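From these two lone chains plus the hints, build me the complex, please.
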Amino acid sequence: MHILLVDDETEFLELMTKRLDRRNFQVTTASTGEAALEALARIPVDVVVLDVRMPGMGGIETLRRLKAMAPDIEVILLTGHANMEVAVEGMELGAFDYLLKPVAINDLIFKIQDAAKKSGKLT
Amino acid sequence: MAGIFRALGNLLRGSRPEPPSPARLEALRAEYRGRCESFRRLLAANNAALDVMASMEEALRGQKPFGMTFVRGQCARAAANVFQIVRQLSILANGRYDALFERLKEIQAAIAPHVEPHSGGVAGPLVLPLAEAGVDLADEVGGKMASLGEIVRRLGRRIPPGFAVTASGYRRFMEASDLQAEIDRRIQTADASRLDELFALSSALQGLILAAPLPGDLKRAILEAYRSLEVQAGEGVRVALRSSAVGEDALGASFAGQYQSELNVPGDEILETYKEIVASKYGLTAMTYRLTRGIPDEDVAMCVGCMAMVGAEAGGVAYSRDPLDIRGGAVVVNAVHGLPKAVVDGSFDPDVFMVERGEPMRLARAEVARKPTKYVCDPAQGIALVDVPPEEAGAPSLTEAQVLGVAALAADMEEFYGLPQDIEFALAPDGGIVLLQSRPLHESGRREEAAPSDSGLPVLLSGGTTAAPGVGCGAAFAVRKDADALRFPDGAVLVAAQAHPRWAPLLSRTAAVVCEAGSAAGHLANVAREYGVPALLGVAGALEALDGAGEVTVDADNRRVHPGRAEELLALRPAPRNLMEGSPVHAALAGACAHVVPLNLIDPDAPEFTPENCRTLHDITRFCHEKSVREMFLEGEQAGLEGFSKQLTCGKSKLKYWVIDLEDGFDGPVEGRFVDITRIASGPMRALWRGMTAVPWAGPPAADARGFLAVVAGAASNPELEPTVASAFAVKNYFMISRDFCNLQSRFGFHFCTVEAQAGDDPQENYVSFQFKGGAADLPRRRSRALLVAGLLEERDFRVEVREDALFARLEGLDKAATLDRVAVLGYVVIHTRQLDMAMGNEAVIGPLREKMEKDIAGLSG
Numbered sequence: 001m002h003i004l005l006v007d008d009e010t011e012f013l014e015l016m017t018k019r020l021d022r023r024n025f026q027v028t029t030a031s032t033g034e035a036a037l038e039a040l041a042r043i044p045v046d047v048v049v050l051d052v053r054m055p056g057m058g059g060i061e062t063l064r065r066l067k068a069m070a071p072d073i074e075v076i077l078l079t080g081h082a083n084m085e086v087a088v089e090g091m092e093l094g095a096f097d098y099l100l101k102p103v104a105i106n107d108l109i110f111k112i113q114d115a116a117k118k119s120g121k122l123t
Numbered sequence: 124m125a126g127i128f129r130a131l132g133n134l135l136r137g138s139r140p141e142p143p144s145p146a147r148l149e150a151l152r153a154e155y156r157g158r159c160e161s162f163r164r165l166l167a168a169n170n171a172a173l174d175v176m177a178s179m180e181e182a183l184r185g186q187k188p189f190g191m192t193f194v195r196g197q198c199a200r201a202a203a204n205v206f207q208i209v210r211q212l213s214i215l216a217n218g219r220y221d222a223l224f225e226r227l228k229e230i231q232a233a234i235a236p237h238v239e240p241h242s243g244g245v246a247g248p249l250v251l252p253l254a255e256a257g258v259d260l261a262d263e264v265g266g267k268m269a270s271l272g273e274i275v276r277r278l279g280r281r282i283p284p285g286f287a288v289t290a291s292g293y294r295r296f297m298e299a300s301d302l303q304a305e306i307d308r309r310i311q312t313a314d315a316s317r318l319d320e321l322f323a324l325s326s327a328l329q330g331l332i333l334a335a336p337l338p339g340d341l342k343r344a345i346l347e348a349y350r351s352l353e354v355q356a357g358e359g360v361r362v363a364l365r366s367s368a369v370g371e372d373a374l375g376a377s378f379a380g381q382y383q384s385e386l387n388v389p390g391d392e393i394l395e396t397y398k399e400i401v402a403s404k405y406g407l408t409a410m411t412y413r414l415t416r417g418i419p420d421e422d423v424a425m426c427v428g429c430m431a432m433v434g435a436e437a438g439g440v441a442y443s444r445d446p447l448d449i450r451g452g453a454v455v456v457n458a459v460h461g462l463p464k465a466v467v468d469g470s471f472d473p474d475v476f477m478v479e480r481g482e483p484m485r486l487a488r489a490e491v492a493r494k495p496t497k498y499v500c501d502p503a504q505g506i507a508l509v510d511v512p513p514e515e516a517g518a519p520s521l522t523e524a525q526v527l528g529v530a531a532l533a534a535d536m537e538e539f540y541g542l543p544q545d546i547e548f549a550l551a552p553d554g555g556i557v558l559l560q561s562r563p564l565h566e567s568g569r570r571e572e573a574a575p576s577d578s579g580l581p582v583l584l585s586g587g588t589t590a591a592p593g594v595g596c597g598a599a600f601a602v603r604k605d606a607d608a609l610r611f612p613d614g615a616v617l618v619a620a621q622a623h624p625r626w627a628p629l630l631s632r633t634a635a636v637v638c639e640a641g642s643a644a645g646h647l648a649n650v651a652r653e654y655g656v657p658a659l660l661g662v663a664g665a666l667e668a669l670d671g672a673g674e675v676t677v678d679a680d681n682r683r684v685h686p687g688r689a690e691e692l693l694a695l696r697p698a699p700r701n702l703m704e705g706s707p708v709h710a711a712l713a714g715a716c717a718h719v720v721p722l723n724l725i726d727p728d729a730p731e732f733t734p735e736n737c738r739t740l741h742d743i744t745r746f747c748h749e750k751s752v753r754e755m756f757l758e759g760e761q762a763g764l765e766g767f768s769k770q771l772t773c774g775k776s777k778l779k780y781w782v783i784d785l786e787d788g789f790d791g792p793v794e795g796r797f798v799d800i801t802r803i804a805s806g807p808m809r810a811l812w813r814g815m816t817a818v819p820w821a822g823p824p825a826a827d828a829r830g831f832l833a834v835v836a837g838a839a840s841n842p843e844l845e846p847t848v849a850s851a852f853a854v855k856n857y858f859m860i861s862r863d864f865c866n867l868q869s870r871f872g873f874h875f876c877t878v879e880a881q882a883g884d885d886p887q888e889n890y891v892s893f894q895f896k897g898g899a900a901d902l903p904r905r906r907s908r909a910l911l912v913a914g915l916l917e918e919r920d921f922r923v924e925v926r927e928d929a930l931f932a933r934l935e936g937l938d939k940a941a942t943l944d945r946v947a948v949l950g951y952v953v954i955h956t957r958q959l960d961m962a963m964g965n966e967a968v969i970g971p972l973r974e975k976m977e978k979d980i981a982g983l984s985g
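If you read the protein sequences in the order shown, they are chains F and H. Residue numbers for the first sequence follow my numbering, beginning at 1 and rising by one. Residue numbers for the second sequence follow my numbering, beginning at 124 and rising by one.
Only chain H is shown next, with the shape it has when bound in the complex (with noise of 0.2 Å):
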């Protein structure tokens, strides 16, 4: 190849006695243009690779949910783009670096490990009677019934008699017609980002499973053991079926009501409801709640308990320790009459019991609420909402006797699991208490820290009960039917009647929640806890107050809302959590990136610059693109390219470009080592320059002294900025132009972009492409600098990204002039952004810039 180019430089040089036949000039041009071509490919490559390492390193730092399918599209997207790019290495430097292939397999197998699904096999029975559960086989039947298990073997305690559908049993229906691998596609072409999408992917998941065969030996292992239920406990017994996810107590998390449980359902009836309760395993908020936790979905392998039904009387939920006050010594129970459910879901306020641990316990505080309704075994089936008589309905649910009993019984969890236990009960029609399950309780503990009580601020509403502490401030939004959560602003207050779980996938994107009502034991309370929402619930007249009252300040520690934006009060507020951290998927991502996103080979010019010392897939893409650059602009050159290769020159004066024309740049032919502007054919070529020289660029804005501070700190940590580094390419900027084409690799100072354009008569080849990247300043600076360029070319039709500090801005299909309008604003943006970031620590100068662009890119059109 080199040989070639020599010949052709000589060539064009003229140093060549006799002229080349014009078929061999072609030859020679073709081939030319195939090396720009591969050359263009590569950065495409690298481009999009360095996109996913900044989405990976996104992702492991930020706020934003993610699932196994991202991580797994990720390392894909990384490996394909630097297969990419080794190859089209490879054809430009005619094999040399071919090791990079063996490289990139071995890396790709160090990430494989992090990304590989776990594969349980169908190893345990189908089946198992919940007496032989016990927390040993807690990855067989899911956490919540290896703890009742447990609790009836080691404890004695009782428990309804049933029996488990075990994981086995579970992946066997999994398996059954390949109903995994179709739910993971689905997943994975889903955007999920988007609850529109989320809730249509949710409900096509469920009624797949839903419209999936049970495998003939599932099928009947159940009804076998429900036969034995039956000599147990009575021919034709009713049951409760209830999710037991495997490993849903692993983080802490609280699951509960994420999924489906179904009460008094009849035998014959049992085969599809556990269907149902497998296909919630898919339900919006168990989907929202993994992602936003970071449980990959093969993790949860859906185990169902199938319990004798009991006929309460009254229950409740029970917690060993107050969540608010998780070291103090009370023991807190909630309760209805009739069923738990309305506890347990929040659909009215249950009687609060306070009892005080000592020899014996004692009943310190009863508040006893006024309960219309309660929820009992319907006699056909499933369960029914009835009226109480009015006499009934303000009594207490339960007596001081049997308070004491419930506290007594949540000690004992909390005794014999060691840490504060959160146990739903049931009073069966003998007056036993049933314990229905355990699991560890959910502490929020930052009472202490709560917010001065007397703030003096106008308040909007006040009353009702601390569900989570803290102080939240946004949007006041009602949702009142699922279509208002669809419509559910980021960032914005949720006002509801009901402190109902289906408004759990919203948390991870809402300031504080108010409801009218609901109780702290409530699942929406449980999950507001932990994700760090505040959350104030029994507040009467919320909706009224709240629905179009604008930005508001809810203090859930002092129990008030305030209108507008208290800053006082969100000062105290402690940053928010970052979800993922420590979640098995986080693990997963964290494990990968460490093959992918570190930058190990820094000097180019030092010995170990070397495939071998290629660690990661980014040492890789650094490699190949410092390569390609020498490949195509310096050995090139060596061999005669410079014949190619212009330097640009404006009358006189030459400037720091170089020209490559890839066939029908120039106006005609252009002798000698440089071209002039104005011999230049290419429309997205002259509109960048145009967009280039419009407007004089001031120098580096005055930064003050931290931006300054910031730039030498900067510096000092970013290893691309040592001096070393600059190769000879980052010195130049280069134009690849066509008469309709044109790319532009630049380093101004301390960033880094490429802006690449195609603009003829057909629109829908047309695009323009913009990235852009680096600086000197702290990465907040940074930042704010890529987000300002962002706002401006939004608004110009771009689709914009920002990841980091990195600006990706691609737009597709306008007609020619057009086009040539959107590159001239990229010449602008590229001049006069450079250096910006150290200025963009201060409000008082981002302002008034972003006003003298907004005006100097208007004037560019004119």
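Only chain F is shown next, with the shape it has when bound in the complex (with noise of 0.2 Å):
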């Protein structure tokens, strides 16, 4: 299965992409929104796991973006800044779920596989 992973902090995407090649899963990463929706236009992304504040454009925005240019893309909104009316709106837009940091891995996993599991690309 193949994971896009957005967050603007590089120690987190070096950390996740660590913990879940383990598990087997292949992961692209990139750091800002913009480079999101250009690695989506490239890569056959299966879920989608997108921090929410990002410099430039922000999570919700990219969120917004993503879904427009792939309706069935499943995306599981993962932040460091907790915020009920963010978490929402997220929700609105059809984010699969909203989650905080810090989230167990195995919690994570969990989650991914049942965003793909919806989007038909996990029976």
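Rather than coming from a laboratory, the hints here were simulated on the basis of the structure. All of these numbers come straight from a predicted model, not from anything done at the bench.
Taking lysine to aspartate or glutamate and the EDC-like style, the derived pairs with C-alpha atoms no more than 20 Å apart in a straight line are:
#	chain 1	residue 1	chain 2	residue 2
1	H	K978	H	E917
2	F	K117	H	D885
3	F	K101	H	E305
4	F	K111	H	D174
5	H	K187	H	D613
6	F	K117	H	E786
7	F	K118	H	E149
8	H	K604	H	D670
9	F	K118	H	E888
10	F	K117	H	E888
11	F	K118	H	D787
12	F	K117	H	E160
Here it is, written out as structure tokens:
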């Protein structure tokens, strides 16, 4: 399964890539919303894990555009800035779920698998 | 959708003459699987939402500290999960309850004001002369500088000349380079309940602040203010930089020593030192303190007072009333040679002078300590600890006239503020008394209720000063360095050489404190009193006598330490206090909880059971759960779903269980309304069933009379147990299965539980989750049952959380056989813990019960 991880924190990207790689996920990373959109155009992505607060194009705007590009793609929001309004807005825009950091790796993987199941990428 | 099901039902009942095309059958099955997926997601979000609510409730009642990041995080989690629940119900019910989206929005809007950060903005001047400060400007200069300013303005008392870098100045700094947002993010992503993570977080945050540049306008304002001070106090005057946080006195909380102060700083280092003091807002002690007292991080703007340095001959702390006898008439003066620092941080024993009020005041008692060292201004910068000649070491630090002068000053401050005061003072080289700060005294006021003086118990150690009254018991643990603090066990007795402020973060989980040095005037003593932790200071030989002594009982009132657990003394101690109560963070949580936790929708058959009547997130959750169950099982059945939902049989007996096959859960096509247990091909369901039936249930355990009463009382006060609440779902138990998957929803008697498991060939996809809540007895008994189950599961690799009476257990990543073993254990637990809560009041029952359950479970895997 191919996962696109979007986060401006490079430390987090490295750590998550390592952990997901160990579980046999293919991981592509992007550190901005713009880069995420480019990656989505190039690579067959199954599930996106998206940070909400990023410099440049924010997570919510990125989500909006990702969904416009590929309505069936499932996006999990994962954020370090807990915010109820943003949580509900993200869900309204069709995010698969909204998770807060720190997240246990197993919980994230479980959520990714469920998202993939929904988009028909995993049966 | 209903039409599809009707068609599917008819088709499966064979009442339709034409056989369906395989493609159409597959489409119907896929649609049905989609509904099951939605239902499963709804249940998962339902469980997560209830989990969040339970933790919010627990936080509200409990003793565990939490900050605004917790409150905001839980609200965001609750809202996201409830959205998920509504979304899945919308799919199941074809949009029939979409009014709920609107309700969620409205409830969210009601929660928002409680969790929004207060943005102060940069409104005032960045820097303000102290002489212009006063209590009316407390929001700009902080409590400490405001009260000093007030004293100059109104009483004409002597304080060092200086200025304050204001709250506006602080916010200017925090807004520059988006520093505050980055700090907030790091606080959220760290696990603040672990001391080692808190250590790492604290140093990372301080590093961030030190590395951030000061904005140019703030820099210029500070340097200009210093130049004006030079005109007043002499060129190149050294300054003391003192933290003066806004709101630090709001709770009567003692912030003393939480933040850094720097003494004797030269002009060219003011800017760097200012940053250091701002950074000390995130010192470990201060962060823990705010957390345990419920002070929102953003409520604390760090103002910094910058005052000309007093090269003190002597100094100390005075209380306008004895903190241990607040109604008495005595003024207490603690003093040392040199700078007053030693008194504040408890580095060594000060002289203690007791002054009786009266006309005139009278020195009633003087305890002159040996003070072999003192702090002085270092000629280079900062301060230095120097030895003093032996004849000076034993001499009193103040003359009688000076003691009376300080006492009079303390009494004046009390009169001025109308509250007992705690003042810090210095004796200037010209003999004048300079006031460094004055703040309300934190009383302890429990002396009258002290334990009996002679208990006749063996004594390990005695002597010292009662710095905080009370009796505490725990394992003695000596702390000598910071690394010891990281290993400090919860509920231990803290033993140290000095009553150093750096041990303050441990006090929220300490049973008692014993130190070889230190006085009741120090910071640690202050915090101990505030937390209600008994503290005995100045006990010679404490480290040697107590290190490795195991469990001890500290009787601070009678200044004795006894070996072991002295129940007769502990019985007298007051209940632990809820430190969060009354704090702003607690108030924010309570405000948010009011829109999240209460359950108003009780009767699903009542006409009020509508989306419009959902007033809280819990109402929405409850509403959706009820409706989703009806959609899945009742409406579905009317629509012909019985083709999928089959009653379980075991030979000739019909059981109270229904099975829904998601795709390959049976060993082949099963006709009719029943499925026999032998036809089940689902691994997890078979394992669960094995556990459920391995040992016959002996019926409800004998409850003692109190247990029975507890059940009656619990049932009467718990709306969920109203007989009218029982929906059709409540009396049926459903398995949803496929070959490698099983979800069991069940209600046994008064308790509700969910088991879900995936057990296939890929260990990475395997998991087991278990949720269990309710019961009919009172909360302590229900909770005690949850803890019993938690113990059983933890020994079998589950990660378990107990919140109030709810239990959440989960494990992942085991291979198929091991996963199935754990599922069987849950099967046993599901059956054998029903109505156990009634017996849980009685220790004599719990022990043997636990043993029997352990034995039964051990037999399962055999």
